[in-house]
Amino acid sequence: MIRLALRRTFLALPTIVAAATLVFLLVHVVPGDPVDVMLGESAASVDREALRHALALDRPLAAQYVRFLGGLATGDLGRSLVSDRPVARLVAERLPATLELAFGALAVALAIALPLGVAAAARPGTWLDRGAVGFSLLGAAMPSFSLGPLLIIAFAIELRILPVSGRGDLAHLVLPACTLGLGMAAILTRMTRASLLDCIGEDYVRTARAKGLGRVTVLARHALANALAPVVTILGLQFGALLAGTVITETIFAWPGVGRLTIEAIQARDYPVLQGCILAIAAGFVIASTLADIVNAVLDPRTRPASRTR
Amino acid sequence: MKRGAGRIRAAAALLAALACVALAAPWLAPDDPARQDLGATLAPPSHAHPLGQDTLGRDLLARVLHGGRVSLVVGVATVTSSLLLGTAIGAVAGWSGGWLDELVMRLVDVLLAFPGLLLAIALTAVLGASLRNVLLALCLIGWTGYARLARGEVLRLRGREFVEAARALGASDRRILWRHLLPSLTAPLLVQATFGMAGAIVAEASLSFLGLGAQPPTASWGTMLNDGRAFLLIAPHLTIVPGVAIMVTVLALNFLGEGLRDRLDVRPPTDLWR
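Here the protein sequences come in this chain order: A and E. Quick note: the first sequence uses this note's numbering, first residue 1, plus one each step. Quick note: the second sequence uses this note's numbering, first residue 1, plus one each step.
If you are wondering where the hints come from, they were derived from the structure by calculation, not from laboratory data. Note that the coordinates shown come from a computational prediction; the quantities given were computed from them, not determined experimentally. Mixed in with the good hints there might be a few duds.
[Unchecked claim] Here's a subset of chain A near chain E, in silico, CB distances under 10 angstroms, partners left out: (1) 15; (2) 144; (3) 159; (4) 163; (5) 197; (6) 199; (7) 214; (8) 247; (9) 252; (10) 256; (11) 263; (12) 272; (13) 275; (14) 289; (15) 293; (16) 294.
Glycine included, every Cβ here is placed at the ideal spot set by N, Cα and C.
Could you build all of it, start to finish, from the sequences and the hints given here?
What follows is the structure in structure tokens.
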């Protein structure tokens, strides 16, 4: 188990380096001079040169790349052009808020998807099943930037039971987490239901049923563990999308996380900070899918390396 | 009636209607979508302005109709160009194999190692905020899904008898790819393109919502939602109208995609945008 975890973690490293390379290329090779974008075309050439030097853009590309990777390995992501503070620290300050939001959303998604998926699979074709399918269709069609404001109108303005925006106690987390988590809940509900329905024909389900256990018990206790593997894989992939989605959700709810920092960096043309934010989110994506693989190995012994079997 | 035919027809009809309304926006709209009327800001629905007016007194119905044009153009243009580009790259990579295939697939892997939306945000941030750059960013990311699909299918079919037969008859590589392999790609590509259209429309709206897409005074559903955000308390219709427009469009596209997928028996495509 530990060997698999180590191997999978090791395999994730090249992906992170590739992602970092892409971010580097994005800022350095994309047509158009970042200095022009930052200062405007009418800036004095002295200022341009100064900024170019500050960003080390006057050095050869390969040298810049080596410097960038070296910095990355030591946790140095450069300094903000606006505040001159280290980018790594800026991102680290915002990370807890984003993680709080992302895990809140994950909790919302699981709390809706697992019971609803099990219930739908237990009674296929009934109104409950149709309701679950309808929910997953609607949830997948509702982008967060239209869902979020609608939730604010309903729960913060009309019913006045939850705060409009900002970060604070648990009540502040409810609307952003629902906004971010509902789309994922829709996908997971659908996946749980489909995966369980695939299991229903298996022998062990028939055995459990023959023992006299109820449908829901059989599904929740026996089939769910087996049906969970594709759900966990999707969960890992979707968690990365969830992290990217924080950019929008944090904007809607004035949530002080990495997503908000990304937009602030774009507006201030603070390229080092933008680069750091994108790297942080991309790394989160890679970590999530790696974790999903490891969890899958725990759930399903068949995916473990053969050397462990005796 | 065949399986799912009703669903496909209903969704296709709704989409055709939406596209017609979007195309006819200049004639259907009660007013110029950019004409301001600062004496009537946030005015509620009236006879002259059936959905009311926005923060600058612009007609909301006109804006949501013209916003539909932006979505339509972005959706069609992104899907068409990524489909053509991706299919060509993927088919050639799968057919020729070797280092070219390896190179292309590594590139696809790296691009897919990012959540699509994040990459689109980064690209538009670097290229500069405009609708044209949104299109460019969406195509630069969007081709990967089609390339993967086309490559997989070409690899699967490459050794089949009908390909051997065509080759034995003296057909060139190009002819085999075009006349024998591409036709069998139509079904999965069609399904992927339908979901891709929904994805592109949501992505454009997301980027415009963040201020990285359509610039004022262009009406886009994303910018309209962003404009309405500050006035949720006093003018919720500014948010509800474009929100519902996006939802209906995406729902119809998803319905169509699922109907086609069941009907044509295609595996679920990779969803790049969520």
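Do the hints match the structure? See the list:
no. : hint : verdict
1   : 15   : holds (5 angstroms)
2   : 144  : holds (8 angstroms)
3   : 159  : violated (13 angstroms)
4   : 163  : violated (13 angstroms)
5   : 197  : violated (15 angstroms)
6   : 199  : violated (18 angstroms)
7   : 214  : violated (31 angstroms)
8   : 247  : holds (6 angstroms)
9   : 252  : holds (7 angstroms)
10  : 256  : violated (17 angstroms)
11  : 263  : holds (6 angstroms)
12  : 272  : violated (13 angstroms)
13  : 275  : holds (9 angstroms)
14  : 289  : holds (9 angstroms)
15  : 293  : violated (14 angstroms)
16  : 294  : violated (18 angstroms)
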